[in-house]
Every structure is written in C-alpha cells, then in structure tokens.
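Student: Assemble the whole structure, with the sequences as input and the hints as a guide.
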Amino acid sequence: MTQTSENVTWLTQEAYNQLKAELEYLSGPARTEIAVKIAAAREEGDLRENGGYHAAKEEQGKMELRVRQLTQLLEHAKVGEAPADDGVVEPGMVVTIAFDGDPDDTMTFLLASREYASADIETYSPQSPLGSGVNGKKMGEDAEYELPNGKKAAVKILEAKPYTG
14 MTQTSENVTW
24 LTQEAYNQLK
34 AELEYLSGPA
44 RTEIAVKIAA
54 AREEGDLREN
64 GGYHAAKEEQ
74 GKMELRVRQL
84 TQLLEHAKVG
94 EAPADDGVVE
104 PGMVVTIAFD
114 GDPDDTMTFL
124 LASREYASAD
134 IETYSPQSPL
144 GSGVNGKKMG
154 EDAEYELPNG
164 KKAAVKILEA
174 KPYTG
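The numbering of the sequence shown is our numbering, which starts it at 14 and goes up by one.
No wet-lab data here; the hints were simulated from the structure.
Since we're looking at a predicted model, the values are computed, not measured.
Since no wrong hints were added, every one of them can be taken at face value.
Heads up, simulated SDA-like pairs for lysine to any residue below, C-alpha to C-alpha not over 25 Å straight-line:
(1) K169 with V101
(2) K33 with R44
(3) K174 with T109
(4) K75 with G65
(5) K150 with M120
(6) K174 with G149
(7) K169 with T136
(8) K164 with F122
(9) K75 with Y29
Tutor: Rendered as structure tokens:
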C-alpha cells in the first residue's frame with residue numbers, strides 16, 4: 014500500500030521488495046532480452062518496413078519508462094506499516110461510500126496508487142476526483158467531489174479499514 018505525502022510515498026516492506034524486484038528484473042534480464050530481440054529484428058533487413066523491429070523498439074520504450082517510474086518511486090519511498098484501523102480514509106484503506114446519502118447505493122473501493130490496483134477490488138488513486146474528495150474524511154462524514162461533467166457529487170463515508178489483500 015502507498016501513502017503519498019508531497020514527494021514521499023509510504024510503502025509496506027512487502028510492496029517495497031516487490032517493486033525493487035521488478036526494477037532489478039527490468040534493469041537487468043529484461044534489458045538483455047529486448048536488446049537480443051532488437052538485434053535479431055535488425056538483421057532481417059530494411060528497418061522502415063520491419064514490424065518486428067518497430068514492435069521491439071516500442072516495447073523497449075515502454076520498459077524504460079517503467080524503469081524510470083520505479084526508480085523515482087523507490088527513491089522517494091519510506092517503508093512503514095499499513096495505515097491504522099482508525100476509520101480515517103487514507104491511502105491503503107478499503108472505503109465504502111453511499112452516494113447522496115442513500116444507504117442502498119453504495120460502492121467499496123481501495124484508495125491506493127496504480128501499483129496496488131487489484132483484480133479483487135476497484136482501485137481509486139488518492140489524486141482522482143473521488144479519492145481526493147474522500148481522503149482524510151472519517152466514517153460517518155460527508156464528502157464531495159467533482160464529476161467529469163463539472164457537477165458535484167455527494168457521498169457519505171460508511172466504512173474505512175486497512176486493505177489486507
């Protein structure tokens with residue numbers, strides 16, 4: 014789980030280790046693999062019409078972008094514990110909200126960065142309109158956020174508990 018406070022990103026030890034391992038793989042073996050693909054495609058001839066070469070170069074570009082993202086994230090990371098179970102909405106929490114105060118119209122999501130997006134639960138970034146609207150609120154409090162059409166939406170915080178996924 015992450016908690017961003019200005020330029021610092023809080024990570025659990027497990028998350029830090031996972032991201033560091035991904036960075037080490039992308040910086041080492043993955044770079045070697047893509048270099049071999051590019052070299053093999055280059056030997057096929059005319060680069061202007063060589064789909065394999067262009068695909069490999071695009072893959073290399075995406076990989077290098079991820080390396081830069083991970084490097085920056087880990088440079089500013091602080092390893093700590095998951096957020097306290099105190100009912101305050103913050104990154105790393107599973108949040109249940111009711112739209113317009115209607116207890117039958119609810120949604121549950123994880124407030125976290127995209128590195129922690131889970132197949133088990135929908136994830137919203139703390140910087141998203143909904144995420145920034147509920148971040149820092151307590152159970153029972155009302156929050157408001159801006160919809161894409163510019164209108165405001167009201168929600169009530171029903172529950173906030175640490176993600177254990």
